[in-house]
Structures are given as structure tokens and as C-alpha cells.
Amino acid sequence: MNTPTLFGLCAVALVGVGLYGLIVNPQPLRKILAFNLIGSGVFLLFGAIARRGAAVGMGGDPVPQALLITGIVVAFSATALAVALVLRLFDEAGSVTLAPDAPAEPPDA
Amino acid sequence: MTTSLLLIAAVGVPFALLLACIVPAIRERMPPLLALAPIPALAAALFADDTPLVLGNAQYALSFVLDEPGRMLLLVAAILWSAAGAYAATGLRGATHAGGFVVCWLMTLTGCIGVFLAADLVGFYFLLAVLSVGASGLVLQGGTAEALRASAVYLGLALIAEAFLLAGLVLLALATPDGSLLIRDAAAAIPTSPWRDLTLVLLIVGLGMKAGLVPLHFWMPLAYGVAPIPAAAVMSGAVVKASALALIRFLPLDVALPDFGLPLAAIGLFGAFYGVVIGITQSRPKIVLAYSSVSQMGFLVAVIGMGLAAGDAGAARVASFYAAHHLLVKGALFLAAGVVATTGGRQLWLMLLPAAILALGIGGLPLTGGALAKLAVKPVLEDGLVELLAALSAIGTTLLMLHFLRCLAASASPDSAAAAPWGTALPWMLMFVAALVVPWMLYSATGIGTWSDALQPGILWAASWPLLIGAGLALGLWRWGRYLPRAPEGDIVVVSQPAMRVVVRWGDALEGVEGVLRRWPVAGLSLLMLILILGGAMFFDGH
Amino acid sequence: MPHSLSTPDVTTPGGLLLVLAVLVPFVGVLAGMVLGGRGARRVALATLAAGLAIAIAIADTLVRSGAAVVYLLGGWTPPLGVALRADGLAVIMLLAVAVVIGGIGVYARADFGTPPGVREARAPFVFWTLLLAVWGSLNLVFVSGDLFTLYVALELLTFAGVPLVSLGGQPETLRSALRYLLYALFGSVLYLLGAVLLYGAYGTLDIGLLAARVHPEPVTWAAAALMTVGLLAKTALFPLHLWLPPAHAGAPAAASAVLSGLVIKGSWFLAVRLWLDVFVGVVTLPSAQTLAALGAAAILVGNIVALRQARLKLLIAYSTVAQIGYLFLMFPLAAGLAAAQLDDAAAVNGGLLQAISHATAKAAMFMAAGLVYTTLGHDRIADLRGVARALPMTLVAFALGGASLIGLPPSGGFLAKWLLVSAAITTAQWWWALVMLVGGLLTSAYVFIVVVRALAPAPEGWTPKASVPCYQQVAVLALALCSFLLGLAVLCPVDVAGIGRAVVPGIGSP
Amino acid sequence: MTLALAVDISLTLLVLAVAGWIIAVRDTFAAMIGFVAYGLLLALVWVRLAAPDVALTEAAIGGGLTGALLIGAAARLRGTEAAARAEYPGALTRTLAAVLAVTVAAALAIGVLALPDPTPTLAPAAAANLATTGVGNPVTAVLLAFRAMDTLLEAIVVLLALLGVWSLAPDRAWGGCPGPRRLVDPDGVLAWLARLLPPIGIVVGLYIFWIGADLPGGKFQGATILAAMWLLVIWAGLADTPPISRTWLRVLLVAGPLVFIVIGFAGSITAGAVLAYPEGHAKPLIVAIEIALMPTLVLTLALLVAGAPQRIPPQ
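Protein chains in written order, with my numbering: chain S, 170 to 278; chain W, 305 to 847; chain A, 3 to 512; chain C, 51 to 365.
One or more of the hints may lead you astray.
Claimed, not checked - Cβ-to-Cβ under 8 Å is the rule here; a few derived chain A residues that face chain W:
no., residue
1, Gln-172
2, Ala-227
3, Ile-306
As the list claims (entries may be wrong) - Some chain A residues judged to face chain C by a derived CB distance under 7 Å, without partners named:
no., residue
4, Met-35
5, Gly-39
6, Gly-41
7, Val-84
No lab work stands behind these hints: they were computed from the structure.
Predicted model only: the values in this text are computed from it and were never measured.
We put the CB at the ideal spot given by N, CA and C, even for glycine.
Let the sequences and hints guide you as you build the complete structure.
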């Protein structure tokens, strides 16, 4: 068992924990949180893979490391958009449930 | 060259008129042109030869050709469309919003002529779809709730039939050597196709539905009952023949396939009697005529079936002849039904008598085209049992037609001064003359037989006795008919209403399940499960 | 191991067009942001024209050269660099999207104008900038040759699509948008996980190189399953469609057209790309059958539920659920053809045609529904009386679009169905043919219901609530006609979709 | 080695425990606090994985900005907690979810253990081409040379997300200032911090940005720190968010990607390919792009956290 493999398995476990949370927790903010957990798991796995690719004096494969930075920023943007949506939904509806109810007919234009 | 021009004009003129309907002003002025729209088709039937017309490039082309069955049917169909068009124009005079009727009429006309001429699978399928959509639109023109229902049933059946046909046509195309899409090549390749049986079943079911084979005939009484008179005339006359013609063209009649031919004939004959039995319980002339169509189309299919069973290529010609006769007579009788309903008093007999001649002609009244038609198909039906059944069917038809005449007379206008306008009476008279004369012309021109053969006393007697028996039965019907149970119009579909309720309940259940699947936790679980299933499907097969 | 894509060693002539196809819409977004207000709309419409020209130029280049168009960004060769690559499949999608977006743009001119007296209004500004963003993202999905770039493209697509859903701002649309966003993110993170695994196993993210390197082993199977399911969630394939119907219920018509016609095609296209070009020899026939089984379920359930909808927009939305199903029937057919050493062009072209004809038809139908809503003030199917009189052209467009969905000739839907049914029979998978035919029947039922209701005469004294400009009707009709006449593609002398794709010995073959 | 491994194992266990707690804990606000801690722990993991660039990004964005965003939202949504708990799915769903999540994770673990050894890597290729880019940090070389397209697209992603957030404004507030107006509490600890920290933060942020070309760090990390400083000032009430209709704001927001695209296309003339740099001028051009991206990123990241416009500023 070496460091990259250990963290690789840790990453996989994080994905599992996140998946569970994403499915069962009804609060949208917690779903966003779970999404971030899965995301960090994926990133961590990528990081472990990068570390396994250490060569020619580099501590890790720089390509995955660069992609990770992009990935983290993209995940942050997604989180920001989702949070803004949740907050606006709260402002408009007073609740944040995601349960699909029979879509009401929009008021006549 | 002339042929190409004639064929292009035959399909192109109605199509161009249809496109011109985009302009509302033209659309409102279109009715008088309805009678003229089929004239190019008439010209093509008379003067074109059998050179194919090919439009397109080497990879794919639409082709049209005027083969013998097509020519016979095109000729009589053009006459009917023209007469019915004149009749329709009279009805539309002064009507506001004639646009819908005109568009559907021209669409149906384009499809009808196109199907009669189409020589390739895709063009045929396309034009058949145009025909079905247009015809269902014509049914809709009745404007009532029943018309809506009948139109829905008609279109639904037509589209189910087209689904069968599409599958059949794809199989045909796959089995045809070097990817030819010509109907002729496809039909020739059926006997050696690896999917021969399936192809034949799909084609027969698909076309049989459209031809009104029992038990898928119920759309006929529904649709003809509610459609405006001229629309019912062209639908029962011309439109329904498209599927008969397709059967003639697609089935490999020169190869004996008794496994398919005999069941087809049996279903056809069953329909021939079924139509009579239900028909005599009806009282509206249009409905009686519709059941007569069920019966006659059944008989026609039986002829084709026997031809297929025996591998008799000649069956194509006589079946087309029979179809052509029925086209003229049935079209004429629907017009008669419309004319009689607006006629009363002394005028009435002037209208009823020709109707009686034509109606009894279907039963085989000597010297009428009907007698010729029965005579023409006789060689195909020479099997002992089938011959007997054919004779019985002639008796039944006579019975049904006499019943029709009685209903027709009863439907006459109570106003003794009422007289049908010339714009409707004249087309009816024209159709009467055409139904009398044209079959004799075709009979000799196509070489089915000679006039002198057809006029031999033995033959005349053979045609007469079923009539007499039928007349006797008709007397019995009038005496005791009130004890007969009454079948609802459109028998099967009406009886099957409770089944619909079950379907609706299933729909409810399905909607409920769909709602559950759209819940977040369920959708999330589905997602994970799918990952495992897909991964597993690769893992276990990959090992 | 056989592979279908040649390694992109060099930039081909005309390759720069691919960069333009991706970046021009995004430059339009940036310019629109700065100019704001009415400027955003002007920029968008100008970009639409320019983009269409670019797409045509790419198609021209492809057909002339007869080989895939390739561009190496920065001159760096994969695996270190990123390549853009457009084969026949990609180019056809590029063209189709350019046409559909153009139609939507013309239509939306009327709905998304900045009101007078205001410098900039929210809905128009957001719509026009995001319309371009959707377009750029889609183009990127079609031409990108790198799995990570594709991930970014998918996210771009989601970020551009979600605000379009919630443009109305009512609680229900916000809820739908949130559900869509969260589920789409769920999908994309799974996709990324798969891509990461592939990099770990093969050291590249380039599609062409991966195609040459992948072989059946646990990591690849895991990656293929994750990526595929992630993409299915974004495509809303049944039973992963929870977000789609509600998202359409309250979205503006033009946004629905974008979402239903185009956005879901992006992730579908990527799934096709992966299965046909990357995971050849990894995915197996049973897995392809699984996809098609979901597709079949989508067709049946979607159509039946569509039949039972009371609102026109929801009916069309469920029709989309069903039509997505058709898009997945091609997988086992292509696999079966390839396994029999036959050309899989019938199945691939069939699927592609289905996608394009659905994109055009569905965009037209949603916009037609939008015009109906404007005119009547509601879209209850039971009460569509008068539509035929007020909006004849729109009704014709709806019917033509419907005919394409049903598969009546000469529509694109017909040709697609013909090809797919042929492929089903050739590969002895007749049950898929059966599903397609039954689906066509169910489709015809609801199209018929809508058209007949709309044909009913209006009650006496009825007047439209609002009149719609003629050009909107023309745009809708034009798109519907595109779909209806797409079957004439059979007259095209070159098999464009096949360019740049070698004949693939197939899925499941040893 | 064994000591290092022991550290790694305990770190792993800690990360997993915090992650499990975040999912399991009843109170959303507490979970958000946990998430910030989780982000910091992850940053440690990144250090252990020899990825200092990522560690910085994770700490700044993953822990810092995301945490701030989520904590703010959780505080506002306190009232919905009870309703959400009532919606909690039943035991069957939870069991199924647990079983499936564990199965998927286990399958993934098998995949991870089956990864090839030695792993294919692009490190040698990157090293071989590093010289041509003129930058010393291979991660920066990947971001701005080898895979510059991804970085360009990423800048556009952030911008699109911002557009999406703005689109959630009520119609009446369009063009206005994002977020609620904060009141100044001159003696509050926040105001004190907001006066104390920014000068330091700005220096640190610019430093991290500047060294990014050659050492770990770069525009994203630097921009995040600067954005955080600005947000701090805003939250303390010392400054307000700018109205989104301001032209200067719009120009700055698009300037970064636009400069990137212009330099990229210039490359097709001067260096033979879009996003290529002419021989010998690579480093200055890369730095130019980074400088142009910097304000864009600072503004975008901060405004993403600030949220949708809510107020029309007094004219």
C-alpha cells in the first residue's frame, strides 16, 4: 500500500459517501454539498493518478494537476449557480423542496 | 415523351392545385375546378403507354408506370373523381370555409392517382400516406362528434396498417436484388426471400386492413356513414381500391402459394357473407352501402387469394376488372343516395330506377357490368366449394342490394315537389351511364372475353338464378325482418368500448409509475443501478 | 485492436474553421455582455448568420477533401495537446444546429425584444447571450477530440441551459431548473470520473489515441459505464428523465426549443461518439441492448404519458422523452451490423437522421405551441378551438413536425425509421422494429388529437388574445419543412456521415 | 516511510470521518462548517500528493469560497430545515441507496487497484516541451500552452455561471447591486478584519499570482485571495457591490477571455496555430494573458459569491 493507492481508495470511498448523500438527503443545499464531496473524490482520484505518474523529477504528472485546477473552478461555478438558484427559489416559494408535484398551469398571460 | 408528360400531369395537376390552396383567395375559388382536376389522369389512362417515368438520380428515384391493372382503375377512378367533384362543387356553392374540404379532397385525389401510378416502394408508401391523411380529413368534414370519432378510427387504422406495410416494405427492399426499390422487382423477389412468410403476412395484414377485411372492416361503416356524400363516393369507390391494387401488385400471383392464398380467400369470403349479414340489419342507405363494400371487398380479396393459391397470373387482370366495376357502381350508388334524399314525388322513380339496375348489377343482373365482372372472375374461382360459395355470395349480395333499394326509397324526401339540383343529379346520371357502358368496353378491350361469349343464353341463365333466389329471400326479409337483432353501426368497435376502459386504467397506472420514477431518490437509485447494469453487461460478456 | 479514427497528426486545410465555429459564438457572448440590451440581440443575430456560414464552409471542406477536418490547438499534438476534429457525423450536427438555432433566433426576435424606454431588460439579455453560449458549447461538443475539453463543454452546456429554463422566474420553473442543474451535475461528475479512470489506465484523454489504446478490462468497463450513464442523465433517457418534462412546463417557447431540440443532443452525440469510436471492442452487445431497452421503454412510456397530457407544452415535452428513446435504438443495431462484418452506416445514419429530424421538428413544435399560447392565452389541448383560423401556418407547421415524428414520408423521421428498421431486420433484432412501429402509432394519436382540436371552429365572436408577427410563423414553418423534407437527404450523392469514419469491425466482435 | 504512511492513513481516516459526518449530521449549517474543515484537510492531502498548485486552489476555492457561499446560504435557509427533514426518504430507499453506493464504490476500488503499473504519464512529454513555453511551472505550461483551450473555456465557464446567477435576479432589480446591503458596524470584529486583512491579502494574492509562472501558484489562486479580500470588505459594509449594469464592470468581466482569444488568434498568424506563441515570446504573452485574466477572475469569483442582483442603487 503506497500513498497514491491509499488516497485513490480514499477518493473512491468519498465518491460512495457523496453518492449516498446526493440520493437520500432532501435538502437541496445538502445535495450541493454531496455533489461537492463526489467532485472532490473524483479530483482526489485524479490527483492520485497524477502522483503515480511522477517522473523526470516532477512530483506528479502536470497534466492532471492542471486539469484539476480547472475542475475545481468549474465545480465552484456550478456550486455558485446552484446556491443562487436555491436562494431565489426560497425567496419566491418560501420552501426549497424538489419534490415533483403536478405542475400547475401558469397564470393566463 | 408524351407518356411522361401525361403521367406528370396526372399527378402534378391535382398536386399543383393542392399547393395553390396555400393562397386563401384561390382556395375559396377552387370548387369548380374539382371536376377538372382528374381530367389529366383520364387522359393518361386513355393515351399513355407503359413507359416508366423516372424522377431522381441514380441512387434514388421516384418512378411511375401505368401497368394494366393501374390503367383500368385509373380510367374509372378518374371518371368517378370527376363526377363526384362536380357533385361536391354543387354542395359547396355558397358555403363559407370550403377550404378544409377542398384541401382534403385534392390531397386525397393526389394520393389516389399517385398510388395507382406509383412503381417504387417509397413513392407508393408516401402517396398511400397522403391518401390516408387526406381521406381522414374528408371524413372529418362531416363536422360532427361522430365524424371526429370516425375520422380518428379511420386514421388510426390506416396508420396501424401503414406500420405493418412499412415493416413489409422494408423486408421487401432488403430481399430485392441489387437494392432496386421497384415494386415489380420486389414482388418478383418475394418467393425467394429469406423472410417470405413474414413479408407476405405483413403485406396482407396491412393492405387487408385498408381494404376493409373482416374483422378490421369497422372503419368503413363509421367513415362512410358520416362523410359528406361525394367524399363517401370517392372513398368507397376509388380510395379503398388503392389497397386492392397494391395487393394485386405486391403478391407474386404467378407463383402458387396456397398456404397464403387459401387463407386469404377464406377470410375474403367470410367478409363477403359477414357484410351481407350485418348489412341487412341496417336501415340507413349509406350504412347499407358501406356493409356492401365490406362484402364486395371481401369477395375481391377472395379472388386475389384464389389467384395466389393457384399461381394464376391472369387473376391480376380479372381482379382489377372486378375492382373497376365495383368502383364505378359503388361510387354511383353513393351519389344516388345523396340525390334521392333530396328528391321526392314523381321525380323519384327517375332516380331510383337506374339505382336499382346498378344495385342489382352487383349481384350479377344479366347484361350489366356486374354480370360481366362475375363472369370474368369465374375461372379463378373454379374450385368446387369456392364456386358454390361464390354463387351463394351473389345471392346474398342481391338480398343486400334489394334491402338497400328499400332503404333508399324510404330515405326519399317527403316533399313531393322536391327535386335534386342538376348539379348533383347530372353527375349521378353520368356515373350511371359510365357504370353501364365502361365495363363492357373494358371487358373486350383488355381481352378478358368477347361480348358474344358474354351474351350466351347459358351464361345469362347462370347469372339469373341467384338473383331470383335473392329476390325471394328479400321478400322474406321484408316480412320477418323486424325479428332480426340489430347490429350497431360499426359493429366491432362499438362492442369493444369496455375494452377501452381497461386500456385507460392501464394508462393511469403507467402514468403513476412514471411519476414515481421522476422522484429524486428513485431517479438517483435508477442512475446507480444503471451504472451497475451497464458495467455488469460489459464485464460478464467481456469475460 | 481496431480503431476507427486515424491519429490526428496534422492540422488539415480548413481546420481553422473549427476553431471559429467554437469561438465565434463565445465572442458573441462576450460582445453581447459589453454592449448589453438591444446590442446583445443585434450581436446574436449577426453571429447566427456568421456561424451558419462557418458551418457551411466546414461542410464544404469536409466533402471536398473526403476526410475529417482536424485542428491541433497551439500546434501541440495529442496526448499533450488538444485536437479539434470534425468527421461526417460532427459536421452534420454542426450544420443542423446552425440551422435550428437560426430558426429559433428569428422566432425569438419578437419574444425577446428589449421594451422601449429601458436600457436593458433581464430576459432578453440573458436569452440572447445564452443562446449563443448554448451554440458554442454544442459546437465544441461536436468537434472536440479530448475527453476533458468535452467535460468542460458539457458543463458549459448545462450552465447555459439552466438559466433558460428558469427565465420565467416563477417558483415552479425555478424548482425545475434546480432539479435539472443538480441532476445534470450528477451526470457530469460521473462522466468526469470515467474520464479520470481512462487517463489513469491509458495516459491520454484524446479520443483518437484512446480508441487505439483501450482494451477490455475492469477499469475500461467501469469508465465506460460511468461515462455512459452520466451522459444518459444529461440526455434525459428514461428512467433518468425526471428533470425534462417539468423543465418545459414553464420555460419560454424558444428556450424549450433550444433545450429539447438541441441541448440534449449534445450529450447524446457524445455517447454515440464514445460507443462507436472509442469503446469499440469494450462495450458488448448486451450492454448495447440495455441502452436500447431503455430507449424502447422511453418510447412506450413517453408516448403514452404524452397522450394523457392536458397541456400542449407538456405533451410535446413527453413526446421528447419518447423521441430520445429512438436515439438509443441505434446502438445494438450498429453493434449487430458491425458484428456481422457489415457496414454499420444504416444504423448510424438512421440514428443521426432521427436526431436531426427531431431537432428541427421539435423546435418547430415547441415554437408553434408558444404561438398558440400567445394567441389563446393558454395551451389546454381540450380548448384549442380557433387556432386553425388564427394561425393556419403554425398549425400546418405543427402537423408537418408531427408527421416527421410519426415517420411519414418524405420526412427525415421516415428515412430514419426506414434505415433503423432495415438494420433491425438485417441483424435479426425485429423487436426493435416493432417498438419503432408501435411508437409511430402512439405518436400519430397525439398529433391527431392536437390537430383536430385546433381545427375546430372558434366560438362566435372569439378574437385572438394577441396577434403574432408573420415572420414568427414563417420561422416555425421553415423549421418544420426542414424536418419534413429531410428525407430527401436520400438524394444526396455522398454519404457525408461516413466521411472520416473507417469501417469499424465491431462491438462485441472478438 | 512507515511514519509517512501512518500519517497518510490517519489523514485518510480523518477525511472520511469528516465526509461521513457532513452527510450524516442533521443540521445543515453544521454540515457546512464541516465542509470548510474538510476542504482544509483535503488541501493537506494535496500536499501529500505533491500537488501544491492544487492544494492552494483547494484551500482557496474548494474550502474558502465554496465554504463561504454554502455557509451563507445555510444561514438563510435555517427555516426550511424542518420541512426538509419531513421529506427524508424511508428506510428502504436509504438501504438501497447505501447498498448501491457501496457497490459502485467497491467496483471503482477494484478498478483503481487494477490501474496499470507503471502508470502511463505525460510528465516526460511536458518536461521535454517545457523549455519552448519559457515558464518554469509545468502546471502553468499545461494551463496556458499545451492545453490553453481548456483554460480559455474555463474562463468562459465562470462567466457563464455568473450570467446564470445574474439571470436569477427579479426583473425589477436587473442592473442593480448583487446581494443584500450590509450595514457597517464600525466597532465590529468584521470591520476590524476588513481593515486589517486586505492590504496583506492583496500583497499575498499578487505574489501568488506573480510567481505562478515558475513556482506553485497562479492566477486562480491569486484571484481567489483577492476576491476574498474584496468580499470581506463588502461584508463588513465598508464597500458595496457594483451595480451589474456598469460598463466598466462588463468590460473588465470580458476583458480576460477576450484578450486570451485575441492573443490566441494572433498566434495563428505569428506562430502558425491558434493559441500558439511565437518562438521566444511565449513567456511574455503568457504573462500578458494572465494579467488580463486576473481582474476578470477576481470580479467573477467575488460576484459569484455575492449572488444575484437584488437592489437598484439610489440614483
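For each hint, the structure was consulted:
For Gln-172 (chain A), the interface hint is violated, since its Cβ never comes within 8 Å of a Cβ in chain W; the closest pair sits about 19 Å apart. Contact between Ala-227 (chain A) and chain W, as hinted, is supported at the beta carbon level, the nearest pair being about 4 Å apart and thus within 8 Å. The interface hint given for Ile-306 (chain A) holds, since its Cβ lies 6 Å from the closest Cβ of chain W, which is under the 8 Å cut-off. For Met-35 (chain A), the interface hint holds, since its Cβ comes within 7 Å of a Cβ in chain C; the closest pair sits about 5 Å apart.
Interface restraint check for Gly-39 (chain A): the shortest CB-CB distance to chain C comes to about 9 Å, outside 7 Å, so the restraint is violated. The beta carbon of Gly-41 (chain A) is not positioned within 7 Å of any beta carbon in chain C (closest approach about 11 Å), and the interface hint is therefore violated. Interface restraint check for Val-84 (chain A): the shortest CB-CB distance to chain C comes to about 5 Å, inside 7 Å, so the restraint holds.
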